[in-house]
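**Q** Here is what each chain is made of, one letter per residue.
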Amino acid sequence: MVMAASHGHPEMQYIAISENVDPTLSFFRFGQSADLEIELDNADDRPLTEVKTEEGKIEKLALFYDGENIKGNLKINLKNPGKKLEHQGIKIEFIGQIELYYDRGNHHEFISLVKELAHPGELTQNTSLNFEFVNVEKPFETYSGNNVRLRYFLRASISRRISDISKELDIGVNTLSQYPDINNSIKMEVGIEDCLHIEFEYNKSKYHLNDVIVGKIYFLLVRIKIKYMELAIIKREQTGTGANVYHENETVAKFEIMDGAPVRGESIPIRLFLANYELTPTLKDVNKKFSVRYYLNLVLIDEEDRRYFKQQEIILWRKARGAKDQSASLKKV
Amino acid sequence: MPGTNSVIHEEQEKLLEEAIQVVRSESFLMKRWLDQSKLMDALKHASNMLCELRTSMLTPKNYYVLYMQVSNELQHLELHLMDEFDKKTLPNDLYELVQYAGNIIPRLYLLVTVGVVFIKCQFSSRKSVLKDLVEMCRGVQHPLRGLFLRNYLLQCTRNQLPDVEEDASCGTDGDVQDSIDFILLNFSEMNKLWVRMQHQGHTRDKERREKERQELCLLVGTNLVRLSQLDGIDVKKYKENVLSNVLEQIIKCNDPISQEYLMECIIQVFPDEFHLQTLHSLLKACQNLQSAVNVKNIIAALADRLATFAQRDDGPGIPDEIKLFEVFSEEVSNVLKSRSSTMQKEDMITLQASLLSLALKCYPDRVDYVDKVCNHTVDLLNNLHLDKHSIQNGTPLCNELTRMLKIPIDIYSNILTVVELKSYPELLSRLSYEPRKEMAVYIATQIVDVATEIPSPEETEFVFELLDPLIKDQPDQPSEAEDPEEFAEEQGLMGRLVNVLHSDTPDQQFRILNTARKHLGNGGDKRISYTLPPIIFSAYNLVYSYNAIKDEDEKWDKKCDKIFAFCLQTISAFVKAEMFEMSLRLYLQGALAADRQDGYDGRENIAYEYISQAFAIYEDEISDYKAQISAITLIIGTFEQMSCFGEENHEPLRTQCALVASKLLKKPAQCRGVYTSAQLFWSGKTKDAEEESRDGKRVSECLKKSLRIANQCMDKSVQVQLFTEVLDRYLYFYEKGNEHITESTLQQLIDKINEEIASLDMSEDNEQIKKHLENSLDHIELKQQDEESPMYQDLKLRSE
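Residue numbers (my numbering), protein chains in the order written: chain A, 1 to 333; chain B, 1 to 800.
Next up, chain B with everything else stripped away, as it sits in the complex (with noise of 0.2 Å):
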């Protein structure tokens, strides 16, 4: 209902705009008399302006910008007053003279202001004047209009509440127990308004009500600040005469707005020594608020105050007689039993969290304390009858157990401390599927984030353990496929984490990543192929580590034997993944390993199992012509770059390759598998043989070889581009001195591609065919232009 929302704001501004116009006329006319120092005038005005604070029209929020504007007019009065007392021209009996106001609304604030007048100038006893002050104003019982007087009178006595010790007082003048009284009466009277606001007028008004309520809390909540900011209440003091009345009145208003926020006042207000002294009344008090309060805020804002305090560094943390950890955890434990009904599931275990943060910020080398807490929690879980996998995603308390989870993961940013935590895992797996991975994400990219090492196979296990749902399938897991980008970055978090399981120990390196090793195992086709590759290069790491330390230990050949054996099965698992690429590099990973371990028995047997392995993937699985051409180009790089082998083993091996190279089922393919493997009997060596075999006939046989499946394309294009590639292997290797070539080879092969290329129409590739050419002959030009070594002298590179 728009309308009259805004017909009620309309009226709402026009009654404002009416009283603040009495307001400032009569205050006017106030001002007016006190110049001429007719008092009795003065004060006649002033009341008839206090007489607009009367009103019931106005919302809570326009009757305080009412009584801000009245408060102001008498701040005047209240200054004049003081200058009269000065000139010795206040009458005595002027503190009687006001109360003969005939309304009570004017008549106390009069009152208050005249009687803060008398305080300020010593002229009336400030201690009676105060009782007497806090008692007349109990006249006012309407909520909103006493809530107001009585924050006037808090504010005109701001300054002015006696705070010394009971012994420093002189007998009128009070002391710091009567402001105490003041302040704690003044606090329950305007308590009791604020909760009688509650009661009045119609149940379908309740939410507004409530609203306008927490808009005056402020008001009530004063009276603590009052409290907290008197210097003469010392622990003691507050544990027995201020806190436990206050809690009283709290418990005793029943009104969960009240108790919320005046508890949440208490907490902020006084400071964190005195709640470490009073830690067991105010988490009592908790047990005993409604059951709408909302607990866990209070005690959780209580627990973060403690925490901090804890933290801070020129504080002088939490004194050793306190038990903190252990008060903390019964009450918490006691609130939730006494609201075991009630309570939300989530808000238990908020409550949960909290205590944890509180172990863990202010004990943070009990890790017991926190593992306890993990513990607690799992029993509560177990009495809500909340078994394993049952806590749906999406759910507060799914929300506020993943919250918690987080907790010692992110405080502990040493993963190895988590592992301290026996109970933390049972806890985790309460989670469902989705929520579960979430938390192993988290996990592990804190892990990887932070790099810490994880240097044995129990932690690894552990760790493994936390993380299960990025390693294996889950039992509650959706039948749907997961999103692959997401998937994909997930495996990719556990491929980086395999980095870090790392111990400076060969051999237990070896275990970490045997455990490793067993887990990943099990993650499924889709997951190895992330997950176990880092395994088998850390593996391959660890022979050159042995290798480092062959001195020290006299077994390292063994071991080495027993790594490679576990890659070969590691890889074996690609195999039957149908993963042919993957094994096929890994394979030749593994040779190359191998043929770097100078020194070690088995290098050539292991390399040549590799190699041969990748062949035998090649051979049986690969028949891609597009992989197989990058398959053999991979195989014939690795092993131009292996020396391990004898001639006996080279021979076969170096023959294979370029058989394998010209049998490759597309000519272009064949051509250039066939120049490639021509770089073998080039730069190829053997074990015995110092130098590279620079078999330049060979070689020269082989580009010829190509050149002559180039020429049987079809595709002109492509010939011409075949042409050009071998034309630049002829180049490398003629600089490089193979003697069997000759320029005018070269000769004959430019000028073919040339004439070749003049018959090709313009397309994009064809542009690009050209333009490699003229790169090609560039760099023959600028070999011709060399001023030390000029090569190319005769050849003519562009045709006329």
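The following block holds chain A by itself, in its conformation from the complex (with noise of 0.2 Å):
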């Protein structure tokens, strides 16, 4: 799996590229030909997503929510003005996709909605189609992980008998969630026998993305000699099912919140801002197809640099814009 992130297949790259047209096409110039633009409506005021593609890149992207209307209009530019293109239809799909990384071939749509934008004709001139899909689903966030990604995008085409002319626009997809009915703090006791017993206390089991984690460190017994202690934010995908389960575990956060040896009795600050990370929601079972998961890694480093930890996963969810809770910063005078 390590592989398939870090080597480039050549269709990974088809795939990657977003607007695209048949490059056999371009050598025969025998009749007309068209350049789309899928147009989003009020593109300018809405707001963007950072999406990472597969190279890396960060591209940004309009964001929409589950249940937004999306809409807008197709444009057709004739490349060669005067001369008629005549198709068999021209259609806008909107698409929301799993592409696994092991296994190209397949791409598992979840939505895959169809306008008709013309009935099978001739153009003659350049047009613009408008579009709109009414309260659209968008059961998922968008995702891209090591071995995974999940998009939704908008795919404009133009039927003809040999070559159709398609073009496709990426979105954005932000989940949003109310807070958490239940957010039971975690607390835990922990330790190896007759040589390190703690205490831990973070303040909630559920975070949303802008969260602070607040909590405390107790020390009850102390045995070695500890050099610090940090606390990280393990990211695990897991991708596939039954025998081709693939997990893949990376570590987004590491804080250090302790330096030096404590004594029994002391008792260690725990304040972590989530928005300092690249984090996503936690992607539960995904589509039947993968999962994201969060953990707050507690580890303990003594001066023979043995490392002792503790896992708890904490559950991240995206608040909706707006919504208030400055329980964990200071108040304003």
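Hints in this document: simulated from the structure, not taken from any laboratory. Quick caveat, the model's predicted, so the values are computed rather than measured. Ideal Cβ placement from N, Cα and C applies to all residues, glycine included. Treat the hints with caution; some may be incorrect.
Which bits of chain A does chain B cover? Going by a derived footprint, with three or more residues having C-beta under 8 Å, they are [what the hints assert, rightly or not]:
#1 100-108
#2 144-155
#3 269-282
Label-pair distances were calculated between CB atoms; the ranges are [stated by the list, open to error]:
#4 A:R307 with B:P271: 49 to 57 Å
#5 A:E304 with B:E13: 25 to 33 Å
#6 A:R264 with B:D205: 21 to 29 Å
#7 A:E304 with B:E17: 26 to 34 Å
#8 A:L176 with B:E166: 40 to 48 Å
Using 27 Å as the maximum straight-line C-alpha spacing, the simulated DSSO-like pairs for lysine-lysine come out as follows [said to hold, decoys possible]:
#9 B:K206 with A:K227
#10 B:K44 with A:K227
#11 A:K57 with B:K206
#12 A:K52 with A:K319
Got two chains here, each in a separate frame; can you build the complex from them with the hints?
**A** As structure tokens, then:
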């Protein structure tokens, strides 16, 4: 799996290019051809979201939420004005799909909506066609991981006898959640007998992506020479099912919370701002294809560089914009 | 292992140099970004710079150097942030942003810096920022790094701590109680870190570690200084909210270095008024400190401070309701009890000394307090089984006790106040011979220097008890002889001391002298020659005093008899001790004293008795011819001065003098004795005669006789010397008008001398003789040339 993440196949390139014109066609130049452009309404006012491409580039995509209409127009610019373009029909599709990198051939579409924009006929001039998908269900969050990606895109196409002209536009989707009804703190006593005994507490078990983890570590017994202590956030991506389950662990945050060796009775505060890190909501069993889970890993390192750790899963969720929760930040005068 | 040390030293230098280099370049970048208002970039470099403080390689000293460098640079950042705030360009969430830093050391330094800026700009609630900062600092548990971080917190918040009453604060700004909580928490955390240093690393490095800890003590102490700078803390708050917590922390930490330093710190930084109100707690705490803690320094420091406070001219003094002495006294004895097994004996004495000094300075009128302390100290020594004379010289215990004993001597310049300390002599007696004597010398010197008169026999008794080692041999005295010079000095001191034994009432004075005589008489032969003569002289003086009040005291005559009897008896001690010359002189002095008492019945008898005693001594006991000549000269001189004798007493004495003089063994002595006795026949006086006797014939006979004796001398130069001396006598009497002396006699003598002197060898002695003669001849020449009454007109002085 590590291999798949770092070596690019030719097909990967193909998939990655979102704006693709069939390259074979450009040689013929017989008849008329056209450039397609999908334009979303109010594109300038729309919030954007950043998505990492497979090559690690950051792409800014227009952001949509579940149930939101997707409205815009398709601009068709003819390449040779004056000539006519014959077609078998013009349509626009809205597709949500999951791509597993180790299974390039199959894309799992979980949404596929089509709008016919024009019946078969001919175009003689540049044209703009409006489209709208109403109350589109967008059940999952856009995601780009090590072995899997989940994307939404619009695909416009002009059907022709020999080759179609088509054009894709990716959009981003964030799934929003409400404050969880139950959000217990995580509290636990762990230790190694006669060596180290600690009690830790994280104020919640569910954090939104701009939240702050507040907690403390209480030392009940210390018989090792601790050098420092850190809190790590580990992202665990699980893809596949059954026998073909792949796990990918990634440390997305490393945060030193204690320097030096405490003695019994010390209580060390934790305050970790999540906004500093690239995190996604916890994704559980998305369309039975993959999951992304997050763990807080408390690590103590002793003077011989031995590591003592305890992992606890936390649930990350995306909070609707504007919803205020300042419980952890300072009150302003 | 000096080699290893210098290697370590070099390595340290190098590490420090490298770290400072990084700090310089990162802070340079930080400032450059700040100038371009790129705050986030600047913070990144600030964070890089702060990462240097994560090192574990530097010694505390070098870490301090690095820390200073870094905190200077942070000050720059702080100023810039303040500036940005004024321009309203400071990001609201800066306090959050700096907490993104992954490493805790840079994160917390930045947090403190930003937090303080927020406070200063009143951007955030002062109360909550302070609380947050001090809590977050818990993340650094490494002692050295934690201490410096918290010190940075303390430095940055220096002038930002709320200092108003609870009611006056506006909620979020905080009040003095918040400051107290803030500092107390920081204090206890810092102290814990400081104590923890002790328990890290190898036991073989213990000494070095303790030294390093001592170097860091100021960091911890600064917390207490901050507390003391809060005006909002009044006595009540101090008592209830501050001191109790500080003391609890000190006691709980169980670390001697910390306990000792912090206790002293409390005493030094908080005002005396507070200490007065919290005496009990402070002293109680001392009982609970580790046994390795030097409690006496702490208590002594407190006592000294309060004593100084009590003595301050502009101060209010010790309030009446505070029983300072009682409290101190009680708590000190509690401390002593609780530490009886672990505390050094000398430290116990030091504590008592502090108490003593406190009593003396705070309650100068309460001699009973001081006596109480002495008394307690005696008890203390009893419990330690330190009996009489048992405290050996040079031991720390001895030094401390001596120091303690000197305190009242120094402070009560009047020795009579010391006399009221009934337990003092008992305490003094615990010292062994050497220090006891040293104390005696100290006391005696003080008495003599201050010249306080000791006006009663009782007080004399007491003082003499203190000075016993100077007065007589001690049972515990070492057998070897003392340094004679030192001995002479000590006894000389005692002699001077007799002069301050003085009452204006003669009867009382006589009793004092009797007492002194009784004690000093026990001093043995070697002491009395220093100590008794002043008594005798003082007694002679007393006779004058009685004479002066003869109109008021009809018994004065009898009393004088008694004094002379007392002196006779006292002088007999010298005779017994075979100090004959001394006895002789004292007899003669007595004779003179008696002679001077006009109207005193026993005058002639007493004088006769004394003179005859002198003769008896002379005849029986003085055999050395040089001593004889000086003795007879003294006798003649004294006798010549006296005028109390009738002819029937005068005649035999006079004749006796001449006779004794002429019987001296050696010729030169004989010669000198005879010409000296010539004086008696000229200026001697009897009580009946108005005038001196002026018996020129006898004078002339004496001089002739002395010439004759001189003539018999075999040694030429001695002979010439004697001739010259006799010539001087002739000239004297001739000039006084003795008609039995003629110029021809003089001329004969001069010729004779000139003749003889020419034959003398050249030698130093002879040169002296010639000079002597020259002087005499010069005198004659002067007289010859005198214009008013020329003399010696016919004398030829120098041979041709």
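**Q** Would you check chain B against the segment 144-155 of chain A, counting CB to CB pairs closer than 8 Å, and say if three or more residues qualify?
**A** violated (count 0)
**Q** Taking 8 Å as the Cβ threshold, is the statement that the segment 269-282 of chain A is covered by chain B upheld or broken by the three-residue rule?
**A** holds (count 5)
**Q** So the hint says 40 to 48 Å: do the beta-carbon atoms of A:L176 and B:E166 match that?
**A** Since A:L176 and B:E166 have Cβ atoms about 46 Å apart, the given range 40 to 48 Å holds.
**Q** Mind checking the alpha carbons of B:K206 and A:K227 for me, to see if they're no more than 27 Å apart?
**A** Measuring from Cα to Cα gives roughly 21 Å; hence the hint holds.
**Q** Are A:K57 and B:K206 close enough, with their CA atoms no more than 27 Å apart?
**A** violated (57 Å)
**Q** Can you tell me if the segment 100-108 of chain A counts as covered by chain B, using C-beta to C-beta distances under 8 Å and a minimum of three residues?
**A** violated (count 0)
**Q** Is 26 to 34 Å right for how far apart the beta carbons of A:E304 and B:E17 are?
**A** holds (30 Å)
**Q** How does the Cβ-Cβ distance of A:R307 and B:P271 compare with 49 to 57 Å: does it lie in that range?
**A** Because 53 Å falls inside the window, the suggested range holds.
**Q** For the hint 21 to 29 Å, verify it against the beta carbon of A:R264 and that of B:D205.
**A** holds (24 Å)
**Q** Would the hint linking A:K52 and A:K319 be met if the CA-CA limit is 27 Å?
**A** With a Cα-Cα distance of about 21 Å, the restraint between A:K52 and A:K319 holds, given a limit of 27 Å.
**Q** Is it true that A:E304 and B:E13 lie within 25 to 33 Å of each other by Cβ?
**A** holds (29 Å)
**Q** Does the structure keep B:K44 and A:K227 at a Cα separation of 27 Å or less?
**A** Roughly 24 Å between the alpha carbons, so the hint for B:K44 and A:K227 holds.
Going down the numbered hints, you'll see the structure goes against 1, 2 and 11, while the others check out.
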